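Trainee: Now for the letters of each chain:
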Amino acid sequence: MRSRWGLPGMVVIVAFVALTVGACHKKVPPVARPVQPPPPTTFASPTKPPAPPEPISEPVVVPPAPIAEDRVSTASLDEINKNSPLKPVFFNYDTAEISSEGQKILDGNAEVLKKNSPWIVTIEGHCDERGTAEYNLALGERRAVSARTYLVSLGILADRIRTVSYGKEFPFDPGHSEAAWGKNRRDHFVVTQK
Amino acid sequence: MRRTILVLATSLAAAAVLIITGHAAQSTATPQQQPPAVSLTITGEPGALPRYAVPDFIALSSDAETVEAAKTIGQALWDDLNFEREFDMIPRDTYASIPAARSLASLPFDRWRELGADGLVVGTVERQGDSLRVEVRLFGVKAQQSAFGREYVAPASNSRLFAHTIADEIFQTQLALRGVARTKIAFVSDRDGERLTGTVETRTVKEIYICDYDGANQRRVTVNRSLNINPTWSPDGRSLAYTSYRRGAPDIFISMIYQGTIENPLHSKGEENFLPVWSPDGTKIAFQSNRDGNPEVYVMNRDGSGIRRLTNHPASDGTPTWSPSGTQVAFTSDRSGSPQIYVVGADGLSLRQITRESYCDRPTWSPAPYNEIAYSARTGPGFDIKVLDLATGERRQLTFGEGSNESPAYAANGRHIAFSSTRAGKRHLYTIERTGKDLRQLTKAGNNQTPDWSK
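Just so you know, the sequences run in chain order A and B. Going by numbering that gives the first Met the number 0, the residue at position 59 of the first sequence is 58; the numbering climbs one at a time, nothing skipped. Going by numbering that gives the first Met the number 0, the residue at position 142 of the second sequence is 141; the numbering climbs one at a time, nothing skipped.
Read the hints as simulated data drawn from the structure, not as lab findings. A quick note: this is a predicted structure, and the numbers were derived from the prediction, not measured. Treat the hints with caution; some may be incorrect.
[Stated by the list, open to error] List of simulated lysine-lysine pairs, DSS-like, C-alpha gap at most 30 Å:
1) A:LYS193 - B:LYS268
2) B:LYS268 - A:LYS113
3) B:LYS70 - B:LYS183
[To be verified] Every beta carbon over 12 Å from chain A, so not counted as near; a handful from chain B, in silico:
4) PRO90
5) ARG132
6) ARG190
7) GLY236
8) ASP280
9) PRO294
10) VAL298
11) SER304
12) ASN412
[Unchecked claim] A partial selection of chain A residues facing chain B, derived with a Cβ cut-off under 10 Å:
13) VAL60
14) PRO84
15) LYS86
Glycine included, every Cβ here is placed at the ideal spot set by N, Cα and C.
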């Protein structure tokens, strides 16, 4: 069987003989001795020749310009809303139904609106924290709409009343008791134009 | 004559040495030539996950930022690889006895083997101006072979991005698994405590924030000092749609957060538009609106055109979510007397009720290959996160009454769910595996709610 090193080995021997002939009495130079191949390297280097480095990046958040605050005539409205003649309506758990007590309050609010005919109001529908954030948006909306419907039935023009649901986002009482929840299930009236 | 022989002999000898060298080089080169496309898959002991070690990367530059980045990348990469729980990550505090490598060419594989490592991720970090150049290798420790090798260049300011990129590539190449290390979570927070203007009540603004999947890099992306809720990522991860009260009535806004531009596709005239969710192809948005008098689910094109009503019932219908193919929408309706989850075709047909519990909301359809819907369900005084497998009808519960748990959102690979919980007092964001394991808290400041996980 011919070894893999046969051919170069033979060449070395030929060279060795020639050298010996030429340099007569010289000792065998160690460099020309047939050598074992080095063992394979202990681990392989990366699979490919190094590719150029891959640029990685992440976009940078650009904040939008802050919007200008719309404060047209809000100062005088704030005075009205601080001691509002329009009283809040409270609700039972998970319902948008106006109770008889709530109807009395809305009767009073309707009188106020009739006396102040230029007023445009927003009814904010609010919920306690016991429902989910998402469903409470729908519940708060229905609470606001049911008050508007009642006021319209008393002769208030529908386009004087806007509705906004805040779900459970802005509780009036941050507590976690039934007392707090009772305060947070409400329609809150805000005069937005006068 | 004698001289001629000498010259000839010398030449012959030189030729012989050359041949030997050449031959030897060739023979040692052969095992180095690995197939370029086929990568080594690192396996563990039979029946066990492969055990991975990720030591600190090697800082090739001595400035403080590079040295810090080398540590950060190692730790973040360990955390990233640990997140999917497909690797048995060897704790980093057990590496102390192994001498730190100075280069990728001299690694003490025997020592890593003694520690039980099957896979070893090592890398170098080198400063290049304002950037860092990172070279990384994944080695099979037993075979002492490279399974993955790559170089990256990125700005030095966000060294964790190297780790996240490497982790996702290792998941892809080793497990054919889509990692989520580069995904982000959008959410709502009141943490800045700014007072809402235009109201006599004391109310704190809520703005939209984003963070990395692991809670790092939390930052604010809206600045309108109003109430902003329900953020959802566009499928390309460059836009957020959300509900904002900045113009009074709640309306849908789309912020292109990397351009700083905002769209308001519906321009509400007083009607209330909530809870936008992008269709999987990003061309449509489903939302809840009272434009026809009471809460219903609608679909519009991204620019606000082509509004279509999907539900029609005097009860409240809302909180939509798309199926992964975009052919169905799940939503919440209280038409049965309490909020329950329903599924309807995107054409408005084939309505069916899928939950019959005391109170269910915020359905969130999983991405493929899972076919399940996560939702919040009332289980006592508060809510817990549950998952309904649509194929089998089986339900599983992921949280068990620790605080109130709401608003589940799937990671892009379907393996994790983000949600909000009051278990630590204030409302914070958490992630949990779809199996209910590995709970992690993401937020610490303020109150945080309604997460959405980028695709």
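Trainee: Looking back at the numbered hints, which does the structure fail to meet, lowest number first?
Mentor: 5, 7, 9, 14 and 15
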